[in-house]
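> Position 68 of the sequence shown, counted from 1, bears residue number 68 in our numbering, the numbering being contiguous throughout.
Keep in mind the hints are simulated off the structure, nothing from the lab. Being a predicted model, the structure only gives us computed values, none of them experimental. Think of the CB as a built atom: it goes at the ideal place given N, C-alpha and C, for glycine as much as any other residue. Any given hint could turn out to be false.
Said to hold, decoys possible - Have a look at the derived ranges for each label pair, beta carbon to beta carbon:
1. K23 <-> K3: 30 to 38 Å
2. P30 <-> T54: 21 to 29 Å
3. P67 <-> L16: 40 to 48 Å
4. R7 <-> I61: 30 to 38 Å
5. E28 <-> F76: 12 to 20 Å
6. L16 <-> F80: 44 to 52 Å
7. E59 <-> G12: 42 to 50 Å
8. M1 <-> S68: 48 to 56 Å
9. L8 <-> P30: 35 to 43 Å
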Amino acid sequence: MKKQLSRLILLGIGILAVSACTKTDNYEGPNASFEGRLIDVTSGENLQTSQGSTQIRLEQISWSATPSPQTIPSKFDGTF
Numbered sequence: 001m002k003k004q005l006s007r008l009i010l011l012g013i014g015i016l017a018v019s020a021c022t023k024t025d026n027y028e029g030p031n032a033s034f035e036g037r038l039i040d041v042t043s044g045e046n047l048q049t050s051q052g053s054t055q056i057r058l059e060q061i062s063w064s065a066t067p068s069p070q071t072i073p074s075k076f077d078g079t080f
């Protein structure tokens, strides 16, 4: 009786382990985007910059003590 129970438990664990290793992904990828422009306060026009000189840093509000920021580079015409 003990052998049968232990074999049944071992078989159940084996089935769970094999089914956990499948590579099927039934979720679609994200389709979100983040875009905008940097505006000059005095002229109201896009802020002209050189390529890669201006970056926008996004920091996630998190329970972590050190959340990792994401840096978005801007284009030369002030858009990102």
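> Would you mind marking each hint as holding or not holding in the structure?
Comparing the hints with the structure gives:
1. K23 <-> K3: 30 to 38 Å: Since the Cβ atoms of K23 and K3 sit about 35 Å apart, the hinted range of 30 to 38 Å holds.
2. P30 <-> T54: 21 to 29 Å: 26 Å, holds
3. P67 <-> L16: 40 to 48 Å: 34 Å, violated
4. R7 <-> I61: 30 to 38 Å: 50 Å, violated
5. E28 <-> F76: 12 to 20 Å: 34 Å, violated
6. L16 <-> F80: 44 to 52 Å: Holds, since L16 and F80 (Cβ atoms, about 46 Å apart) stay within the stated range.
7. E59 <-> G12: 42 to 50 Å: Holds, at about 45 Å.
8. M1 <-> S68: 48 to 56 Å: 53 Å, holds
9. L8 <-> P30: 35 to 43 Å: Check passed, 42 Å falls within 35 to 43 Å.
Of the numbered hints given earlier, the model fails hints 3, 4 and 5; all others are met.
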